[in-house]
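Student: Protein chains in written order, with the working numbering: chain A, 1 to 406; chain B, 1 to 289; chain C, 1 to 320.
In case anyone wonders, no lab produced these hints; they're calculated from the structure. Each hint should be verified, as a subset may be incorrect.
[To be verified] With a straight-line Cα cutoff of 27 Å, these simulated DSS-like cross-link-like pairs (lysine-lysine) come out: (1) Lys-124/A x Lys-294/A; (2) Lys-129/A x Lys-359/A; (3) Lys-199/C x Lys-224/A; (4) Lys-216/A x Lys-131/C; (5) Lys-131/C x Lys-401/A; (6) Lys-129/A x Lys-401/A.
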Amino acid sequence: MTKFRGITRRTVTRSAIAGIALAAAPRWPRPAVAADVIKIGMPLALTGPLGSVGQQLKRGGELWAKTQNASGGLIGRQIQLLIEDTGGNPADAVRKAQEMVERDGCNIFTGITLSSEALAVVPKLEEWKAIFISSDNGDGRLTAESFVPNFFRSNISAPMGARAVSLFLRESEWQNVYAIGMDYAWGRNSVQVFESEMKRANKNFIGSVFSPIGTKDFSTYITKIRQSGAEAVYITMAGDDYNAFLAQAAQYRLPEKVQLLSEVVDLTVPRAVGDAALGLISSMRYCFRLDNPKNKEFVALWQKEYDTVPDNNEGEQWQALKMLAAGIEKAGSTETGSLRSALETTAIDDIKGHVGMRKCDHQAVQNGYMVKLAKGEGFSYPVPQIIATYPGEKTTPACNKMTFED
Amino acid sequence: MSLFAFLTTQSLNALSQAALLFFLGVGLTLIFGIMRIVNFAHGTLYMLGAFVGYSVARSTGSFWPALLLAPLAVGVVGVLFELVILRRLYRREASAFLMVTFGLALVLGEIVRLTWGPEALQVEPPQAFAGIVFLAGEPFPTYRLFLVAAGIIIAVAIWQLLDRTRLGLIIRAASQNPEMVSALGIDVNLVRSMVFGIGCSLAGIGGVLAAPLVTASVGMAARMIIDAFVIVIIGGMGSFLGSLIAALLIAFTQVFGEYYLPDFALAFMYLLMLLVLVIRPGGLLGKEA
Amino acid sequence: MARRPKYLRAWYGIFPAAMLALAPFALPLYVMTLLTEALILGLFAMSLDLMVGYTRLFSFGHAAAFGFGAYASGWLLLHTQLPMLCAVPLAALLAGIVAIGVAWVCTQATGVSFSMLTLAFAQLLYAVAFKWTSVTGGSDGLAGIPRRGGPFGFDAFSSRTGFYYFVLIALAAALVFCWALVRSPFGAVLRGIRENEAKTLALGYNTRLYKIAVVALAYGLGGLAGALYAPFAGFANTELVFWLFSGQVLIMVIVGGSGTLIGPILGAAFFLVVEHQLSNYTEAWALGFGLIFIAFVIFAPEGIWGLLTERLGRAGRSVR
Numbered sequence: 001m002t003k004f005r006g007i008t009r010r011t012v013t014r015s016a017i018a019g020i021a022l023a024a025a026p027r028w029p030r031p032a033v034a035a036d037v038i039k040i041g042m043p044l045a046l047t048g049p050l051g052s053v054g055q056q057l058k059r060g061g062e063l064w065a066k067t068q069n070a071s072g073g074l075i076g077r078q079i080q081l082l083i084e085d086t087g088g089n090p091a092d093a094v095r096k097a098q099e100m101v102e103r104d105g106c107n108i109f110t111g112i113t114l115s116s117e118a119l120a121v122v123p124k125l126e127e128w129k130a131i132f133i134s135s136d137n138g139d140g141r142l143t144a145e146s147f148v149p150n151f152f153r154s155n156i157s158a159p160m161g162a163r164a165v166s167l168f169l170r171e172s173e174w175q176n177v178y179a180i181g182m183d184y185a186w187g188r189n190s191v192q193v194f195e196s197e198m199k200r201a202n203k204n205f206i207g208s209v210f211s212p213i214g215t216k217d218f219s220t221y222i223t224k225i226r227q228s229g230a231e232a233v234y235i236t237m238a239g240d241d242y243n244a245f246l247a248q249a250a251q252y253r254l255p256e257k258v259q260l261l262s263e264v265v266d267l268t269v270p271r272a273v274g275d276a277a278l279g280l281i282s283s284m285r286y287c288f289r290l291d292n293p294k295n296k297e298f299v300a301l302w303q304k305e306y307d308t309v310p311d312n313n314e315g316e317q318w319q320a321l322k323m324l325a326a327g328i329e330k331a332g333s334t335e336t337g338s339l340r341s342a343l344e345t346t347a348i349d350d351i352k353g354h355v356g357m358r359k360c361d362h363q364a365v366q367n368g369y370m371v372k373l374a375k376g377e378g379f380s381y382p383v384p385q386i387i388a389t390y391p392g393e394k395t396t397p398a399c400n401k402m403t404f405e406d
Numbered sequence: 001m002s003l004f005a006f007l008t009t010q011s012l013n014a015l016s017q018a019a020l021l022f023f024l025g026v027g028l029t030l031i032f033g034i035m036r037i038v039n040f041a042h043g044t045l046y047m048l049g050a051f052v053g054y055s056v057a058r059s060t061g062s063f064w065p066a067l068l069l070a071p072l073a074v075g076v077v078g079v080l081f082e083l084v085i086l087r088r089l090y091r092r093e094a095s096a097f098l099m100v101t102f103g104l105a106l107v108l109g110e111i112v113r114l115t116w117g118p119e120a121l122q123v124e125p126p127q128a129f130a131g132i133v134f135l136a137g138e139p140f141p142t143y144r145l146f147l148v149a150a151g152i153i154i155a156v157a158i159w160q161l162l163d164r165t166r167l168g169l170i171i172r173a174a175s176q177n178p179e180m181v182s183a184l185g186i187d188v189n190l191v192r193s194m195v196f197g198i199g200c201s202l203a204g205i206g207g208v209l210a211a212p213l214v215t216a217s218v219g220m221a222a223r224m225i226i227d228a229f230v231i232v233i234i235g236g237m238g239s240f241l242g243s244l245i246a247a248l249l250i251a252f253t254q255v256f257g258e259y260y261l262p263d264f265a266l267a268f269m270y271l272l273m274l275l276v277l278v279i280r281p282g283g284l285l286g287k288e289a
Numbered sequence: 001m002a003r004r005p006k007y008l009r010a011w012y013g014i015f016p017a018a019m020l021a022l023a024p025f026a027l028p029l030y031v032m033t034l035l036t037e038a039l040i041l042g043l044f045a046m047s048l049d050l051m052v053g054y055t056r057l058f059s060f061g062h063a064a065a066f067g068f069g070a071y072a073s074g075w076l077l078l079h080t081q082l083p084m085l086c087a088v089p090l091a092a093l094l095a096g097i098v099a100i101g102v103a104w105v106c107t108q109a110t111g112v113s114f115s116m117l118t119l120a121f122a123q124l125l126y127a128v129a130f131k132w133t134s135v136t137g138g139s140d141g142l143a144g145i146p147r148r149g150g151p152f153g154f155d156a157f158s159s160r161t162g163f164y165y166f167v168l169i170a171l172a173a174a175l176v177f178c179w180a181l182v183r184s185p186f187g188a189v190l191r192g193i194r195e196n197e198a199k200t201l202a203l204g205y206n207t208r209l210y211k212i213a214v215v216a217l218a219y220g221l222g223g224l225a226g227a228l229y230a231p232f233a234g235f236a237n238t239e240l241v242f243w244l245f246s247g248q249v250l251i252m253v254i255v256g257g258s259g260t261l262i263g264p265i266l267g268a269a270f271f272l273v274v275e276h277q278l279s280n281y282t283e284a285w286a287l288g289f290g291l292i293f294i295a296f297v298i299f300a301p302e303g304i305w306g307l308l309t310e311r312l313g314r315a316g317r318s319v320r
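When you get a sec, could you build the whole thing from the sequences and use the hints?
Tutor: Now the structure itself:
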């Protein structure tokens with residue numbers, strides 16, 4: 001019997017088999033907090049490249065649940081969030097969501113992080129009789145060709161973000177515009193929407209280039225932008241690619257020659273690249289600077305709990321859950337059919353002002369914002385200042401559409 | 001932009017990219033060449049270098065201590081791993097190393113995430129190289145020039161180490177005939193630990209040097225590891241000069257390819273790899289066929 | 001340890017088979033989904049074992065087989081009226097045929113170079129799958145893949161439980177096929193190549209042809225696993241061709257015990273279930289996961305199958 005520091009093979013074998021048996025044991029259904037609990041499933045990407053986004057959604061959800069439960073829950077029932085890590089993998093997202101439905105009896109989802117995960121889950125909603133209210137998925141198709149009745153989008157979509165940028169550009173003096181996007185569905189769609197917007201606004205859309213996901217060196221792309229003669233460049237990027245691009249663009253002094261515009265930005269970006277983000281103008285889905293009483297209350301609450309200001313996705317998750325709560329209260333239950341009907345016509349006045357769900361495609365109509373990153377009192381990194389606000393009717397595309405007509 | 005300016009800028013872009021790629025690949029090829037280990041954790045060690053660099057730069061307020069201490073720290077981690085785990089496995093098949101370095105990549109990656117958090121962190125370039133120079137009328141970041149210079153210095157240093165020093169001789173001998181070297185009274189295990197440590201340090205240096213360009217992020221390991229493998233494969237596993245040539249080849253192909261055919265940007269590296277492997281299965285300067 | 005009687009050895013095969021056959025009656029539906037996925041991955045890992053365990057050909061690009069099979073069957077189910085029973089085998093066959101060409105190029109090299117060539121092909125397939133949006137759906141992949149029944153209205157396999165049996169039958173058939181293959185003269189040559197290729201060559205065997213054949217078979221069976229996955233999950237995306245997946249299946253084979261056919265199936269199930277359960281409990285699941293692999297390498301080099309056969313005695317060993 002070979003021994004390894006006193007641990008025999010037999011011991012290892014036995015413990016390994018025990019471990020395997022334990023690992024294979026199906027997990028018991030989660031113990032309920034109380035007899036009748038409202039379960040909200042959040043299969044989040046907590047690890048992986050977009051882990052920081054998933055963490056934001058988690059924080060937003062947890063603070064909401066805590067606050068709501070402290071004031072008596074929802075329709076007299078306590079809220080329980082089912083949070084699990086998908087790692088950003090669509091197959092895992094579907095599997096975990098399915099388990100939440102079948103093992104835990106959950107019929108409400110939110111916080112699914114990646115659009116690819118959302119696109120994989122959405123076709124299953126009918127089979128699961130589950131409602132999904134998105135807080136983060138921007139893909140235009142989710143309210144257009146991939147639309148299903150059980151899907152609701154509370155957040156600003158990618159087309160809405162692109163629209164805000166183009167409305168802003170219409171009012172600006174810049175004539176020649178270039179575009180760069182990440183080479184996959186979101187990047188391509190967003191640039192496409194933007195291009196058609198520029199043509200309608202009689203601006204000169206010079207051209208576009210797409211970088212593969214995972215590009216680390218943007219020097220060639222920066223050269224291209226510089227050579228194009230553009231005065232402004234529209235950027236559809238996210239995550240590590242976006243950070244690398246901004247850091248390098250600043251090193252090439254690109255912002256001095258070309259105005260950088262982007263479809264969406266999180267606070268994680270200026271935190272990651274520092275002064276390289278100064279002067280960036282972007283559409284933002286939620287900004288902590290929004291000036292209304294509800295938001296001030298929210299920001300104060302957030303600062304007390306997390307000792308920082310709420311970010312893009314944190315605010316969006318909060319809003320999504322507020323919408324959901326309003327829908328549940330209206331329906332008086334969490335039963336899928338009645339919740340769906342109630343949500344279709346739900347409107348709230350909350351951190352982003354007045355937001356109303358649209359019945360035809362379940363998109364929440366809301367204001368669009370443009371921000372500019374600048375030095376801020378009490379912050380060690382550039383922070384957004386709101387420079388333009390557009391009413392929801394102008395920034396939301398027509399029902400089931402991803403493009404605009406005017 | 002004039003043609004001259006364009007060519008100058010693009011060539012320098014390519015050279016700085018080649019430097020980055022070289023830093024990425026050299027540690028991996030060294031470890032494989034000397035120890036026949038395919039180090040799956042290479043990307044993670046690279047990432048660790050970037051994060052340690054961040055912490056050192058933050059606390060000292062300067063880039064230079066980070067450049068010194070980060071590779072040291074990563075090298076120590078590598079040596080510890082070699083002592084505790086790898087040493088047991090030298091009599092085993094190659095698949096053991098594959099799995100154990102895969103395990104290390106997972107463990108280390110998670111430790112990094114738990115220690116520094118999921119957000120990307122900024123590492124600023126050194127004050128001396130944070131500006132620009134004008135080349136043919138176009139601005140070019142001095143940090144990239146620094147990268148090219150650093151690449152040359154490190155390449156020469158390694159070359160000298162392997163070629164001219166007694167240590168280098170021992171290392172090369174040990175890779176070819178460990179029994180004989182052992183019979184000569186040299187502690188082969190010590191040599192192995194050192195080589196693994198040096199290889200990991202090189203990964204760490206790569207991470208620190210790249211951080212001002214790409215930030216220190218938890219996704220770094222996965223983004224970098226496949227590039228590292230491609231460099232080493234094209235250059236020839238175990239060939240230090242090969243990884244240098246491969247880095248240049250890939251960088252120039254990438255930079256000019258991205259410019260003229262951006263739609264195929266994703267495929268360039270792999271097409272190049274396939275081409276080289278079909279013509280020379282061992283890589284450009286590889287030892288195996 | 002005395003050899004266990006032969007009739008007891010049969011039990012070791014029948015008992016798990018019976019348990020698997022009866023599983024849908026005992027386990028809740030969501031566990032069945034996990035089990036189905038485990039069987040599909042098991043098939044995938046077993047196909048790689050033909051190369052790794054029996055011929056010592058390490059493929060770093062086996063995900064290409066899975067991904068190709070998934071996209072092929074997904075495309076057929078979405079764009080033609082073919083039933084699953086036709087689309088799935090057809091996709092697997094296509095994967096095997098395409099693999100002949102890949103194998104021909106890759107077997108020009110040996111050792112690490114061979115592995116790297118397989119990786120190169122897999123990455124190219126990834127690039128193609130990512131960019132050829134009109135056929136593969138690009139970065140979105142194919143979604144809404146149906147479990148079409150037929151022919152003649154036969155749709156017993158289309159329900160969740162039915163599909164489980166479909167996968168179980170496919171896996172069993174593949175296992176029997178592989179088992180017969182490795183016990184045949186063909187298998188003997190493979191083992192000869194594994195132990196000493198030069199010697200096998202000297203004995204007059206065209207080792208290159210055998211290698212091409214085993215690679216094509218392995219990719220074909222891997223393609224079968226992928227072809228089953230597409231209607232199982234309802235989608236096929238580029239993650240299925242990604243190098244990480246290739247690395248994971250290689251780990252599954254090694255953890256399970258290479259060169260045993262059954263070992264890799266267990267390895268795949270183990271990998272899936274442990275990852276699943278760990279990630280249910282903690283965000284830091286990757287840490288535990290990595291430690292488990294390291295532990296396996298140090299304490300259980302023969303893998304799970306090695307642990308089990310040691311426990312059960314030599315009787316349980318399959319042909320090595």
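Student: Which constraints among the numbered hints does this structure fail? Numbers only, ascending.
Tutor: Numbers 1 and 3, in rising order.
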